[in-house]
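> Here's the letter readout for the chains.
2 protein chains.
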Amino acid sequence: MAKNLSALDSALDSMGVDGFLIDAASSDPDQLYLSGFDAPDAFTTLYANGVHLLVSSLEYGRAKKESDAETVTRTSEYDYYEKIAEYGPEGAENRILVEFLSDRGVESVAVPTRFPVGIADGLRDAGVSVTPEETAVITEIRATKTDEEIEHVRVAQKANEVSMRAAEDLLSAATVENGILHHDGEVLISERVKEEIEVTLLRHGAALDETIVACGSDAADPHNRGSGPLKANEAIIVDIFPRDKASKYHADMTRTFVKGEPSDKIRARYNLTHEAFDAALEAVEPGVTGEEVHDAVCDVYENAGYETLRSDPNTETGFIHSTGHGIGLDVHEYPKVSPAGGELKPGHVITIEPGLYDPEVGGVRIEDLVVVTEDGYENLTDYPIELVVG
Amino acid sequence: MAKNLSALDSALDSMGVDGFLIDAASSDPDQLYLSGFDAPDAFTTLYANGVHLLVSSLEYGRAKKESDAETVTRTSEYDYYEKIAEYGPEGAENRILVEFLSDRGVESVAVPTRFPVGIADGLRDAGVSVTPEETAVITEIRATKTDEEIEHVRVAQKANEVSMRAAEDLLSAATVENGILHHDGEVLISERVKEEIEVTLLRHGAALDETIVACGSDAADPHNRGSGPLKANEAIIVDIFPRDKASKYHADMTRTFVKGEPSDKIRARYNLTHEAFDAALEAVEPGVTGEEVHDAVCDVYENAGYETLRSDPNTETGFIHSTGHGIGLDVHEYPKVSPAGGELKPGHVITIEPGLYDPEVGGVRIEDLVVVTEDGYENLTDYPIELVVG
Chain D
1 MAKNLSALDS
11 ALDSMGVDGF
21 LIDAASSDPD
31 QLYLSGFDAP
41 DAFTTLYANG
51 VHLLVSSLEY
61 GRAKKESDAE
71 TVTRTSEYDY
81 YEKIAEYGPE
91 GAENRILVEF
101 LSDRGVESVA
111 VPTRFPVGIA
121 DGLRDAGVSV
131 TPEETAVITE
141 IRATKTDEEI
151 EHVRVAQKAN
161 EVSMRAAEDL
171 LSAATVENGI
181 LHHDGEVLIS
191 ERVKEEIEVT
201 LLRHGAALDE
211 TIVACGSDAA
221 DPHNRGSGPL
231 KANEAIIVDI
241 FPRDKASKYH
251 ADMTRTFVKG
261 EPSDKIRARY
271 NLTHEAFDAA
281 LEAVEPGVTG
291 EEVHDAVCDV
301 YENAGYETLR
311 SDPNTETGFI
321 HSTGHGIGLD
331 VHEYPKVSPA
341 GGELKPGHVI
351 TIEPGLYDPE
361 VGGVRIEDLV
371 VVTEDGYENL
381 TDYPIELVVG
Chain U
1 MAKNLSALDS
11 ALDSMGVDGF
21 LIDAASSDPD
31 QLYLSGFDAP
41 DAFTTLYANG
51 VHLLVSSLEY
61 GRAKKESDAE
71 TVTRTSEYDY
81 YEKIAEYGPE
91 GAENRILVEF
101 LSDRGVESVA
111 VPTRFPVGIA
121 DGLRDAGVSV
131 TPEETAVITE
141 IRATKTDEEI
151 EHVRVAQKAN
161 EVSMRAAEDL
171 LSAATVENGI
181 LHHDGEVLIS
191 ERVKEEIEVT
201 LLRHGAALDE
211 TIVACGSDAA
221 DPHNRGSGPL
231 KANEAIIVDI
241 FPRDKASKYH
251 ADMTRTFVKG
261 EPSDKIRARY
271 NLTHEAFDAA
281 LEAVEPGVTG
291 EEVHDAVCDV
301 YENAGYETLR
311 SDPNTETGFI
321 HSTGHGIGLD
331 VHEYPKVSPA
341 GGELKPGHVI
351 TIEPGLYDPE
361 VGGVRIEDLV
371 VVTEDGYENL
381 TDYPIELVVG
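Line order of the protein sequences matches chains D and U.
Taking UniProt numbering, the leading residue of the first sequence gets 1, the next gets one more, and so forth.
Taking UniProt numbering, the leading residue of the second sequence gets 1, the next gets one more, and so forth.
I should point out that these hints are in silico values taken from the structure, not numbers from a laboratory.
Worth double-checking, as some hints may not be accurate.
Which copy is meant is left open, because identical chains are indistinguishable; a pair holds if it fits in one copy or across any two.
In silico EDC-like links for lysine to aspartate or glutamate, alpha-carbon gap of 20 Å or less [to be verified]: (1) Lys265 <-> Glu360; (2) Lys231 <-> Asp18; (3) Lys245 <-> Glu195; (4) Lys65 <-> Glu140; (5) Lys65 <-> Asp121; (6) Lys65 <-> Asp103; (7) Lys245 <-> Asp209; (8) Lys245 <-> Glu151; (9) Lys345 <-> Asp125; (10) Lys231 <-> Glu333; (11) Lys231 <-> Asp299; (12) Lys245 <-> Glu196; (13) Lys248 <-> Glu140; (14) Lys248 <-> Glu191; (15) Lys245 <-> Asp221.
Please read these numbers as outputs of a predicted model, since none were measured by experiment.
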């Protein structure tokens, strides 16, 4: 199953332009998706009767071999060095781009809104029409994954499961002194658990920029990454969202652990969150909207007397975020599983991650990663949902 | 010693504009430098009578606490949600930015050439003049480091030394069977050494996106990251350029190792490269140009009969890259230590990394990291320069 770019064709038709142009490094997921080329520095991708790359000489050989492009052109084919001598590096690159477009009969392009203004000005000065797109078409296309992309996410989630296990094992091996977790004769801090997670991911071909290991009141703020000593009898949220280093696709999973004895309040909130989690999964199937899945979670919480952003948009406790999000080349991408979430379709890969937060009690969250299928969903996550660690 | 932004003031004066505007995440080193704020999503920094941030509500508290800004404004202060309802998210953000600039009396801005065209168009439509800068002023300012920045690089290089030691220890512990390195009963491959480097860096607060462990003919291509089995009696280039996770500053070091007995050719090239390395360091002092340091390396190689890009711009063997580069928030930044390199100044942090390459022989390279001082340089690297591992 190859990439389906028909929505891009339609968008270009309705905008009345000849092509779509990206100038970015592959750290931009739309660039990586359209070009199929992983490169650290910015390069140019033109979509007009197929995908065409314009790259430096340095990247030419690799782009020919590795990219999804029908043609690859190197800047040196356009007298790059002569042009640099005459116009400077930036002037040279703009002139080359104008010639590259002209050679393909392209007189007007749509571009992402974050396309560089310096290049856009250069093209416009040369008579090429440049129109920032109204909606991010490639970002929308990326929401629906091919079987190969789903497999990439699955592989990343497998590494994630091993790293979650390493984190839980560390909590399990810890001892408790004066209510504080200890390991290897030292206080066990959040940073130490994160390091264990990251090292484990590396050993399994994955990496991460950030991870969450947050305890007690830290965990009551969903944006707090967590730091310092971990405490017994309090809820510890472990949320890991790594990227497979080879494929660049992400995974995502959250578990909440208590070392020791959870309070009745924590246990009740955990069990209710598990119920909300099940209700959300129950709702996932093609044709259902992200909003409906989110509503299933809100129903469970609100029926039990908790606030949600649906019942009170200003609440700072209760269920204070979305139910989930799409995931792929970006950690957060379409579709939304929130009040703004549209219709789910087969091939959408989404997280389901309800949670409850209160600085007085702490935070609990449970998150799995699933793919929407023709008749429901498949869970890409294989990790127990248990609160108390041994 | 604080950041010296006087060159930015001069540039804005000579462009006749009211301010400088960046819209980017902190992954853009100029944004991180000017704002002093580390955030994963794009935010706005205005330089006009000081540094002023415009951020989402989500980042407001942290930006107030952590950034270098004199004022921090959140988008919600400009009726963000009302504007979204009326104009959509992008229209709302453009209108807020126009009001934000107007409140500060800013009617014209210079922007980086990679500033987003969608935002530039919105500002221009509202009557704000937007001019892409001709030279990257903040990138130029960043070349000269404060004492605090030099300390960040020093800390990153310390972690790098430990990871280089881990790599060398792995080669040292390897056995040789049929000319191939083995470790723990398995063939020792490049990827395994890279993993050891990365894990060691993580244990010391640093991270990397890529590293080079390249053997034999792989190492003869300076852009080849290396893969597969490592061989005895061949030169193995280990080039590590990590980033300290806390400060975001980089380090850089290269060593070349042979497990077993190097050929006379490899040994001669290594010794000559060591000589070229010493000649380059000998040349480093304020007032000398990057080109002169590069010339010192070329002199040594050419006098010994090797080609350089100076003696033959098209050569594919010999010394086929620059002598070095500046390093800081970016792995490669100003100043250049190459034919295009201008005057070195105290506070410049540069690599010195001569090397010789030939597919028939392999590659050798030696690289240290130094800071230019008032009367010469200080080497920030403490690692032996020895070819043969035990």
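> Look at each hint and say if it fits the structure.
Evaluation of the provided hints:
no., hint, result
1, Lys265 <-> Glu360, "within (10 Å within a copy, 70 Å between copies)"
2, Lys231 <-> Asp18, "neither (60 Å within a copy, 52 Å between copies)"
3, Lys245 <-> Glu195, "both (17 Å within a copy, 12 Å between copies)"
4, Lys65 <-> Glu140, "neither (27 Å within a copy, 36 Å between copies)"
5, Lys65 <-> Asp121, "neither (32 Å within a copy, 37 Å between copies)"
6, Lys65 <-> Asp103, "neither (23 Å within a copy, 52 Å between copies)"
7, Lys245 <-> Asp209, "both (12 Å within a copy, 9 Å between copies)"
8, Lys245 <-> Glu151, "within (14 Å within a copy, 30 Å between copies)"
9, Lys345 <-> Asp125, "neither (43 Å within a copy, 38 Å between copies)"
10, Lys231 <-> Glu333, "neither (34 Å within a copy, 44 Å between copies)"
11, Lys231 <-> Asp299, "neither (32 Å within a copy, 63 Å between copies)"
12, Lys245 <-> Glu196, "both (18 Å within a copy, 16 Å between copies)"
13, Lys248 <-> Glu140, "within (18 Å within a copy, 32 Å between copies)"
14, Lys248 <-> Glu191, "between (25 Å within a copy, 17 Å between copies)"
15, Lys245 <-> Asp221, "neither (29 Å within a copy, 23 Å between copies)"
This entry does not satisfy hints 2, 4, 5, 6, 9, 10, 11, 15, going by the numbered hints stated previously.
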